[in-house]
Amino acid sequence: MKVLVIAGILLVNSITQSSLFPFIKVAGVAPDTLMIITISFALQTGSITGAIVGFSGGLIQDIMFADVVGVNAVIYMLIGFLAGLIYDRVFIDKIFFPILFVFMGTMAKGVLKLVYLFFRRAEMSFGFGLQSITLPEAVYTIIFTPLIFYLLYLLNEKKFMNKKWYFRRD
Amino acid sequence: MPRLIRKKPQLIILILILILVLVLYLGTRYTDKLSFVEDIVGEILTPVQGFMYRIATNVSNFFSSFGERKLLRENYEELNQIVGELRQKQLQMDETMRENERLKDLLNFKDEGDEMSVVGARVTGKNPGNWFNTININKGSRHGIRVDMSVVTDKGLVGRVIEVGRGWSKVRTMVDGQSSVSGTVERTRDTGTVRGNNTLSFEDGLCRMLHLHLETDIVVGDRVITSGLGGIFPKGIYIGEIIEVGAGSHESQITAVVQPDVDFLRLEEVLVITSELSKE
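Chains as they are written, first to last, in the numbering used here: chain D, 1 to 170; chain F, 1001 to 1280.
Watch out, some of these pointers could steer you wrong.
Pairs of lysine to aspartate or glutamate, DMTMM-like flavour, derived with a Cα cap of 25 Å [what the hints assert, rightly or not]:
#1 LYS25/D x GLU1269/F
#2 LYS1104/F x GLU1186/F
#3 LYS2/D x GLU1269/F
#4 LYS25/D x GLU1095/F
#5 LYS1155/F x GLU1038/F
#6 LYS1155/F x GLU1241/F
#7 LYS1235/F x GLU1186/F
#8 LYS1235/F x GLU1068/F
#9 LYS1155/F x ASP1263/F
#10 LYS1089/F x GLU1077/F
#11 LYS1089/F x GLU1074/F
#12 LYS25/D x ASP1261/F
#13 LYS159/D x ASP67/D
#14 LYS1070/F x ASP1222/F
#15 LYS25/D x ASP1263/F
#16 LYS159/D x ASP93/D
#17 LYS25/D x GLU1186/F
#18 LYS1235/F x GLU1078/F
Because the hints were derived from the structure by calculation, they are not lab data.
Just chain D, same shape as in the assembly:
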């Protein structure tokens, strides 16, 4: 059940991001809702779920759009895993922490993408990429963060979402 729900969320998100979001671009960038979903799961349920959600969501994007499979999967998985490390150690509120982590996550993703593009010898300068793609993207994304975080919070309170993953059963 948990797997199905997460898969459903990720599929719907992927379709929305690719079909609807190009039309709500501001200053050339669209919000990255997959980042919000990954961070939300990481902060609400821990590293493992965060990493799994980031990995699957990134993989869907890779399969549908990227020419090389794995780039997004690695990036989102790492971010999901690292964000989940503070789960159960700090009290996580519903506004400040999600926004902080989504912002940091989007910036980290931007840097990693720039590194990838550098190795693919694409036409792209570091300063400009950070300044006019990553920063606006991060700002635009955090606007959507509280809403999605809260919705996923309600979902993660449900009983079926609190089952442990199979390989952690004791």
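Take the given structure of chain D and dock chain F to it, following the hints.
Just chain F now, kept in the frame of chain D:
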């Protein structure tokens, strides 16, 4: 092993990363064919995505049509004037065309552009990230589409097919940072490389023309077409108009900014040119 995993979830992550790096490495070497899994996923998601994309385009067009309505009257008069001018030019052109054909017959010259066959396709989605500019279309190898075929609209070049599934394919647009097309300035016949550049401005849809010779006399407003060099894009497809001329990164070169006519934000239908490659 299970106990190890239970104790150290970090280990799973590490293993997954290693696997992915391997996949990445393999993926960069054999890219043009989609794997079986990729193909199936795309096959299922493409129709849904295409449907959503169409709805979104229609809604977006609906809102932008308000602004356009205001300009109708102005546009009408301007267009009327242009029609007049074009009619005259058409007459001249007919004459030139006939002459051209006569001369070609004389020279026994085979025209490459004459027998171009195309397949129409619908755009089903755009890359959700802000870093890449690739689109998906709803035609694949089942419809005769192969890797490296050129994709165009009536407004000019869009890009080329980079991966093909059975019923869908991925297209890299020419404004993507990894795209590069050999172009010719129509008036001066200077050739250069047109590279996509997402960092040039905030709006999607500008390219940069590199490696132009220092002695060119290109000016703002010159039109750029594909040169046919490199063998991927057929010769003579319209790319865009030069809107800025500046110094290049090397002192012996000139760089120009090219603005395509194609609206990469609102692509709906595209044509894939299928004949050029099959002739080989």
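Next on the checklist: Of the numbered hints stated earlier in the document, which are not met by this structure?
Outcome noted: 3, 4, 5, 8, 13, 14, 17 and 18
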